[in-house]
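> This is what each chain is made of:
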Amino acid sequence: MEFKEQQAIYLQIAEYVCEKILLENWKPDEKILSVRELAVELEVNPNTAMRAYEFLQNREIIYNKRGIGFFVASDANKKVSTFRKQQFLESELPVFLKNMQILNISIQEIERYYTKFLNNKKS
Amino acid sequence: MIEINNLAFSYKKKKQLFNHLNMQLSEGRIHGLLGKNGAGKTTLLKLISGLLFPNDGNIKTLGYVPSKRKPSMLQDIYFLFEEFTLPDFSIQKFKEVYSGFYPNFNENQFAEYLSEFEIHDNEKLNSLSYGQKKKVLIAFGIATNTRLLIMDEPTNGLDIPSKSQFRKIMAGAVDENKCVIISTHQVRDLDNLIDSITILNQQDIILSEPIEKITEKLCFKVLSHNEIEDKILFSENNLRGNWAVAENYKNEDSKLDIEMLFNACFSNKKRIQELFNHNNIS
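Respectively, the protein sequence lines represent chains A and B. All the letters of the first sequence, read from the start, carry residue numbers 1 to 123 under our numbering. All the letters of the second sequence, read from the start, carry residue numbers 124 to 405 under our numbering.
Looking at chain B on its own, in the form it has when it is part of the complex:
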């Protein structure tokens, strides 16, 4: 669904943000895009959707070259930004004006999601709080039924019940033809929703794999005091005990901990890449 080959991009001539970046994202999944602050997550998403143009390399989004900005591609992409300004419209008017860009927009879905988020569609957008505006855009974005749905930090600013509503709505909205990319730091909000993880580091991708692949290769567990475990990639002592990410050579079934995975990727990048690249060859 998205294919990136040898991408290079920089905002300034001297400072290369991406170099030889390769990535593939398939449909039918909710991809979590993770990376440190300033790693280029939002930039990558803008490149994918044609808002920025690569310096070098190729991007294919839904079969199109995004920089050509073909209407037939754009009507199948919805991008929810982390920071946005909205026109001084009522929600009703917003819907009337913007839904026209999306042929598969579904009014009933939009109304249903708004009511789940407890928002009335006669309200003015500018009278809403940041979190409420975000919920309007989430509801609208999912209701566009585009094949590609990009969300940059969707749970930022959402209150506690709304986060649960968001997960429910997302769980019901994905299907095998849709590709959802969520860029986030709030991994605990989306733990069980994301089923494929891409970790972006300076200039390239450390890891981009479905969750079942990751837990096949890596094991996440608490080590007891006297347990000696070899092949540990990262460990951390906290109240939960001595948590470790280890190579899963015993074939244990464990629950992926995204934060631990993230830390393991940065503390032992080389080994992680070896583990997963080897897999590609076989």
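Next up, chain A with everything else stripped away, as it sits in the complex:
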């Protein structure tokens, strides 16, 4: 896994797990990698992996069965979408908007591109 330069590692790990859930590599109510297995796979400190799992647990995307391990929540997909949307609005959109301002791009122009993008997808 390539880590991005700016975002906290535990959040990047949380996103990695979300990705697995959205792509249905990890399915609802299925057991997922243990903290240690995840740490080894991503070459990170187990404490950081644990922090990512705690973060996802607080958002009810995964849950912990004592002594057994972590599982994907049954409605994880919906929760992940909500979380990702919030992430997008908070961290990616501001950069996008700032670039629009610097490059002097109007919202109408963006709208035209967006419409075109949607049409391309349909065809």
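Quick caveat, the hints were computed from the structure, so don't treat them as lab data. A quick note: this is a predicted structure, and the numbers were derived from the prediction, not measured. Be aware that one or more of the hints could be misleading.
Result set (DSSO-like, lysine-lysine): computed pairs, CA atoms no more than 30 Å apart in a straight line [said to hold, decoys possible]:
1. Lys373(B) to Lys85(A)
2. Lys98(A) to Lys340(B)
3. Lys137(B) to Lys393(B)
4. Lys27(A) to Lys122(A)
5. Lys336(B) to Lys85(A)
6. Lys340(B) to Lys85(A)
7. Lys291(B) to Lys65(A)
8. Lys20(A) to Lys286(B)
9. Lys31(A) to Lys291(B)
10. Lys291(B) to Lys27(A)
Given chain A, put chain B in place with the hints provided.
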């Protein structure tokens, strides 16, 4: 797990290396010990493990006074040196001779790590390259399962795939009872593995904190052209943009950049110490 109070140490009478040095390192973490060349990183590690004796002050390692060199302490410490000479043994014989000092040594683990590093245990130590010897010692050291594992520049001399193997092995080897101290200049090799940082400066410690504490107090980010950011502790223009370490008064979540932190500690030592000391009081 390690407690140092008021430590003083010097090799020569006139040149004091440490003075009033205080430090605590807890178990369950991988501590990164950083400092400029000649700051005394290796010396500090030798003091912790009883290889050198303090002139003044107290050290407690695993509950023992290290200078007493009690066998019950020594069997629970493994020290991987940066420079070493090895006996003219095969790996197999090395294991037979040295594993006896460590009651928790695990043969299967040792074999597993060696195979991950692609080293056969019938080889002679002296026929191996520096990097391969180092991998043998890393594999052996982790397999001793000591409570304290000290590694001085472990990734020096390791080839590219071995660095990744090393991180995987380390990530799988630490647990809540173990304390790992890694002294290194190769911070990029160990970026996401280290979760507590200690920065050593002439005579004392500038900073010794877990990573989540550091990113709570400090924010690491790229500043855009027109952005005016106050409370900057260090900034640097490079291809990645204008990178800065600032006080995290807006509570932003950022990724710790060890090199930037290191530079901030040296360019703005006083403010860094104020920020983290204040925290200790509250």
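> Hints the structure violates: just list their numbers, smallest first.
none
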